[in-house]
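Chains as they are written, first to last, in this note's numbering: chain A, 1 to 400; chain B, 1 to 400; chain C, 1 to 400.
Hints are computed from structural coordinates only; laboratory data are not their basis.
Please note that the accuracy of each hint is not assured.
As the list claims (entries may be wrong) - List time: in silico DSS-like cross-link candidates among lysine-lysine, alpha-carbon distance up to 30 Å:
hint, chain 1, residue 1, chain 2, residue 2
1, C, Lys78, A, Lys379
2, C, Lys372, A, Lys355
3, B, Lys265, C, Lys78
4, C, Lys355, B, Lys145
5, B, Lys13, C, Lys379
6, C, Lys377, B, Lys13
7, A, Lys265, B, Lys145
8, C, Lys107, C, Lys169
9, B, Lys372, A, Lys13
10, A, Lys373, C, Lys13
11, A, Lys169, C, Lys13
12, B, Lys379, A, Lys13
13, A, Lys265, B, Lys265
14, A, Lys265, B, Lys379
15, B, Lys107, C, Lys355
16, A, Lys355, C, Lys145
17, A, Lys78, B, Lys78
18, B, Lys13, C, Lys368
19, C, Lys265, A, Lys355
20, C, Lys107, C, Lys355
21, C, Lys13, A, Lys355
22, A, Lys145, A, Lys373
23, B, Lys13, C, Lys372
24, B, Lys107, B, Lys379
25, B, Lys355, A, Lys145
26, B, Lys355, A, Lys13
27, B, Lys78, C, Lys78
28, C, Lys379, B, Lys265
29, A, Lys13, B, Lys377
30, A, Lys13, B, Lys368
31, A, Lys13, B, Lys169
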Amino acid sequence: MPDRVTFAAGAQKELAPGVPVRLDRVRTPQYGRHLEAFVPGQVFAHPRGFTFQPAAMLDFARVFMQCNPLYLNAQYAKAHGFPGFPASPQMVFNVVLSLGVQNDSEKAIANLGYYGAQFLRPVFAGDTLRAMTRVMDRHERGSGKPGIVRIRTLGVNQRDEVVLQYERKIMVAPDLGPAAAPAAAGPEEARAAFPWVDEGSVDLGDLRLHAIDRSLTGRDTYFEDFEAGDIIAHANGRTITEEHLALTYKVGNTHPLHFDRVYSKGLSGAMSGEPIVFGGLVFAWLEGLASRDATENAVWEIGFTEGYHTQPAVAGDTVAAVSRVLGAEAVAGVAGGGLGVVTFQLVGVKGISAKAAVETYGADLFVKENDKKDRGKEKIPAKIFEIERRLLVKRRPRRG
Amino acid sequence: MPDRVTFAAGAQKELAPGVPVRLDRVRTPQYGRHLEAFVPGQVFAHPRGFTFQPAAMLDFARVFMQCNPLYLNAQYAKAHGFPGFPASPQMVFNVVLSLGVQNDSEKAIANLGYYGAQFLRPVFAGDTLRAMTRVMDRHERGSGKPGIVRIRTLGVNQRDEVVLQYERKIMVAPDLGPAAAPAAAGPEEARAAFPWVDEGSVDLGDLRLHAIDRSLTGRDTYFEDFEAGDIIAHANGRTITEEHLALTYKVGNTHPLHFDRVYSKGLSGAMSGEPIVFGGLVFAWLEGLASRDATENAVWEIGFTEGYHTQPAVAGDTVAAVSRVLGAEAVAGVAGGGLGVVTFQLVGVKGISAKAAVETYGADLFVKENDKKDRGKEKIPAKIFEIERRLLVKRRPRRG
Amino acid sequence: MPDRVTFAAGAQKELAPGVPVRLDRVRTPQYGRHLEAFVPGQVFAHPRGFTFQPAAMLDFARVFMQCNPLYLNAQYAKAHGFPGFPASPQMVFNVVLSLGVQNDSEKAIANLGYYGAQFLRPVFAGDTLRAMTRVMDRHERGSGKPGIVRIRTLGVNQRDEVVLQYERKIMVAPDLGPAAAPAAAGPEEARAAFPWVDEGSVDLGDLRLHAIDRSLTGRDTYFEDFEAGDIIAHANGRTITEEHLALTYKVGNTHPLHFDRVYSKGLSGAMSGEPIVFGGLVFAWLEGLASRDATENAVWEIGFTEGYHTQPAVAGDTVAAVSRVLGAEAVAGVAGGGLGVVTFQLVGVKGISAKAAVETYGADLFVKENDKKDRGKEKIPAKIFEIERRLLVKRRPRRG
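The following block holds chain A by itself, in its conformation from the complex (with noise of 0.2 Å):
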């Protein structure tokens, strides 16, 4: 039952000077968690939730340099059957893993690895996303030294349907101090409910893949054009400024890493310096300087497994980024036939353009850093991200 709020607060009477300073009322409330408190069966639900407006739907697309127009025009999109564009999927996924840093990573020293991101559902404008974790395991490895934590997340909008969901390591330190601050971020939630999806199945809704305007995208970005093997070096770098800063704040990651100098410089040895760019905004540059040459014919973004980050990235620097076709299977019965899956390893680099580092790097490139290790190959320092994903791309369409 509504209530009618109107307040006349009078006015405003200065009272700092009157009010004696308590310093032993100082509190300092922290956010994350510290290995101890991740509980294998919790459930975290996230704060604050995002709504999504097209104007901010399309400038992540641009700024992000997307060149699949279904992101970039609404024409294009609703050709297709959509009611409006879709938010850019690397935009939903910035801010799901967003809204989960103050419960989850806030705290973390390392992200370790993104696992199984299916996306389920298109977002459109308008639509409301909150989001929700839950811990799998935790892995000690003695003591003092940070431990890895397995979690899920998945982002549900205002009807309740899992838009998006994944899975992710994480590297966190056990709390080393006097026990201050509880784990208070946030509310938690015991109880069981975590619509983990299962069989995850993608519903785009009643699609028409015919009547396209071709004019709109490429000629060499069809399902056909991509045969396992294939490597594409992408011929433009993206020079990654400060912009980085203010982007963190606009997908709503918390993690004072990416934003804050003195905390960035005031971390211990090795690791103190500048801002690190947001994982997720790495990954979404890299998307986009592939997007030109690999998904413009794509209807959608399945998912992607086996992401890792392997070198940090400040302001400054320049990444480029390179894709190799993993596999190009036909979909029967979906479409009449007119889609199929293109499985692509993106690797990103930072510093050489992604022909260079094709040249220069060869097949070790592809490699996955982890790996390196046990096949007595070195790191290469330039490489930045590595992960395989899946969409759904047009076949060509047939003359007439």
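Starting from the known structure of chain A, arrange chains B and C on it as the hints suggest.
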């Protein structure tokens, strides 16, 4: 009576080489006012106005790390009974303050303080604000010295309802040069119409304070969690980048000190240097940094007073915030007793974390810089801002 | 006929280690064209398109300091009879120009000039533009030397109405390497359909030029305030920051010279250096800096010609603007005689204030840089841009 405006311009011919250059016809329009041009009683109507679009409102809230979901999440705002999410009061203040710069302070030397600000009505998407200022008094201090002008500014929406009003003191230099450009900056109305609200009352419409998704905000930021004397050192800082130049433009501020390095480096003596961050933006960042621990569960910012920018900030500075609770009073007879008024002293520092600032400066951090001389205390160079602000905060919901 | 697209992808398996790396299958798609690939008569349909959202339109207007409330204030625009606020012509130009980069100029060495631009229809929120280019002629200058290509580009909205058309000359290098990537950038249509408007006519719909709130604009920027010969040195400058990299992306420009430092530093000789600010953005900033004194009371930008970027700008440069009135002619028979056409020469400088530029360079500031050699004059290194632009400006309203 509308006219159909169609106009055939014809091909555009090159004209410049044929028009003699008339160096005797150079004009250099000036904006802002010198001290003499502020006449008590005068009312200025400020130019341009500002239309609030939802994506820009969300964008402002996020760039300034607002954590109250009221400004981030349409579902949450509507659940409270708002027609949509309101613009953050910080954005409203920045816009109204900026609308007045061209008439009021584009020639000002210093912004001496904000007083008695009251946010009277929410601003929603689609609202257009315009602003006006009345000169209250002018205090001259003798030949050639800058004087102090006290002004009142208010912002009205398209229904002529006052959404914000406040008082400001600015330091303005006298006109030392020959009578160059008269006060031609913008129209002025000598009419007395200036709808300042004497008995200000916040009107938020019909609100529901129950049945809200509590998982979207923290558990420790309800009315009952704040007691006069509490001091909260907010965990994260924010490194301000050169983004502030574009942000100054985005809120409509025309003062070159903030975005014109030729101008800022051309100032005399100690004032010469890098563009200074517009104070309204600094206030917004500090308010955002405080929001996660202080205002997540607020339903409205009633207003603020005694606000001073005590040191400038430039790109590269990292700002941090400390809040001190000055008072907490339950509000009877409104919204079923579900609200209380909390008054905070918000202090901003640069180059140091909030926690370190409290540890280093202790009680002196909370003594007004303007009072320090009289009290035989040194000013704190790291302290950049202080203000007292009042908010309407929700009481903790009862279980069930 | 739409199909319901639901697709069960199944769990994503890691594939990369099992797919052999095929270094013989590397491709490096190229964009833009070498000189030989411009064939007179060819028509290119440009990719992607661009949907205009209101928040992005307001954001562009503000970031580029547009002072005409037509582009900032929905109430003001509607009072004139527009259905809403139109996109600033600067934004429309930047978007259409950028849409063409991939086909036209991503390999260009230099942008030699803009000619005969005409803004024929307003662009409103919700409009989607796409663009196309016809090659007019190609002038080769001998073996291995860059040649000059003249192209016409037009932007159409979703109703296939032309909103903007202009001509451009670009300097393009011949293809000196082995015939690597063919002109695969985007589709090309050999069909003659290119709806260039020969007798261009602005159609603004039904406008009301009376009953406008005059307090929102200045008093000195009506048609009667401009006389051929007047020179206006605009007070404020604008320091361009690294924001320009993201802004290049936001308008859709894919040329790495503007956002890829590995690319820009890899250029040979004197061209090597920092990313250059995209000229369209420079023009927009200069136009914005001029707007408060020149175009506040304009109702439309008819078009521009003879536009040249005479020196590059990089992040850190402070740009300033000077306007010279080349002509002012009343328009009979339209809108009850309430409009006039004013033609301005807009000159941009860097590193110096507008006033100082006029004092330092005098009449030479307004001599076209391209004409200086013939006239035995030195070029001005501080001069970055010049153009002639025509606007439809309101006459001063009669009292009462």
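Against the structure, the hints:
1. For the proposed pair C/Lys78 and A/Lys379, the alpha carbon gap of about 61 Å is over 30 Å, so the pair is violated.
2. For a cut-off of 30 Å, the pair hint linking C/Lys372 to A/Lys355 is broken: about 42 Å separates their Cα positions.
3. Of the supplied pair hints, the one linking B/Lys265 and C/Lys78 is violated, its CA atoms being roughly 41 Å apart against a limit of 30 Å.
4. Our distance criterion of 30 Å between C-alpha atoms is met by C/Lys355 and B/Lys145, whose separation comes to about 26 Å.
5. Between B/Lys13 and C/Lys379 the alpha-carbon distance is near 24 Å, which keeps this suggested pair within the 30 Å criterion.
6. A C-alpha spacing of about 24 Å is found between C/Lys377 and B/Lys13, which places the hinted pair at or below 30 Å, so the restraint holds.
7. In summary, the hint linking A/Lys265 to B/Lys145 is not supported, as the alpha carbons are separated by about 43 Å, beyond the 30 Å threshold.
8. Using a Cα cut-off of 30 Å, the hinted pair C/Lys107 and C/Lys169 holds, with the two alpha carbons roughly 14 Å apart.
9. For the given pair, B/Lys372 sits about 20 Å from A/Lys13 by alpha-carbon distance, which is consistent with the 30 Å threshold.
10. This hinted pair checks out: A/Lys373 and C/Lys13 have alpha carbons roughly 22 Å apart, not beyond 30 Å.
11. About 17 Å separates the Cα atoms of A/Lys169 and C/Lys13, which keeps this hinted pair within 30 Å; it holds.
12. In summary, the hint linking B/Lys379 to A/Lys13 is supported, as the alpha carbons are separated by about 24 Å, within the 30 Å threshold.
13. About 29 Å separates the Cα atoms of A/Lys265 and B/Lys265, which keeps this hinted pair within 30 Å; it holds.
14. Distance hint between A/Lys265 and B/Lys379 is fulfilled; the C-alpha atoms sit about 26 Å from each other, no more than 30 Å.
15. Between B/Lys107 and C/Lys355 the alpha-carbon distance is near 17 Å, which keeps this suggested pair within the 30 Å criterion.
16. A threshold of 30 Å between alpha carbons decides the hint, and for A/Lys355 with C/Lys145 the separation of about 26 Å falls inside it, so the pair holds.
17. A distance of roughly 28 Å separates the Cα atoms of A/Lys78 and B/Lys78; the hinted pair therefore holds under the 30 Å criterion.
18. Taken as a hint, the B/Lys13 and C/Lys368 pair is honoured in the structure, with Cα atoms around 15 Å apart against an allowance of 30 Å.
19. Straight-line distance between C-alpha atoms of C/Lys265 and A/Lys355 comes to about 16 Å, which keeps the hinted pair within the 30 Å bound.
20. Among the hinted pairs, C/Lys107 with C/Lys355 is inconsistent with the structure: their alpha-carbon atoms are about 37 Å apart, more than 30 Å.
21. The suggested pairing of C/Lys13 with A/Lys355 holds, with an alpha-carbon distance near 28 Å, which does not exceed 30 Å.
22. Between A/Lys145 and A/Lys373 the CA atoms are separated by roughly 21 Å; this keeps the pair inside 30 Å, and the hint holds.
23. Between the alpha carbons of B/Lys13 and C/Lys372 the distance comes to roughly 20 Å, so the proposed pair stays at or under 30 Å and holds.
24. The straight-line distance between the Cα atoms of B/Lys107 and B/Lys379 is roughly 27 Å, inside the 30 Å bound, and the hint therefore holds.
25. Annotation: proposed proximity of B/Lys355 to A/Lys145 holds, straight-line Cα distance about 26 Å (limit 30 Å).
26. Distance check on the hinted pair: B/Lys355 and A/Lys13 sit about 28 Å apart at the alpha-carbon level, within 30 Å; holds.
27. Taking the CA atoms of B/Lys78 and C/Lys78, the gap is about 28 Å. The hint holds against a cut of 30 Å.
28. Between the alpha carbons of C/Lys379 and B/Lys265 the distance comes to roughly 26 Å, so the proposed pair stays at or under 30 Å and holds.
29. Pair hint A/Lys13 plus B/Lys377 holds up; C-alpha atoms about 24 Å apart against a cutoff of 30 Å.
30. A distance of roughly 15 Å separates the Cα atoms of A/Lys13 and B/Lys368; the hinted pair therefore holds under the 30 Å criterion.
31. At roughly 17 Å between alpha-carbon atoms, A/Lys13 and B/Lys169 fall within 30 Å of each other, so this suggested pair holds.
The structure does not agree with the numbered hints 1, 2, 3, 7, 20 stated previously, though it agrees with the rest.
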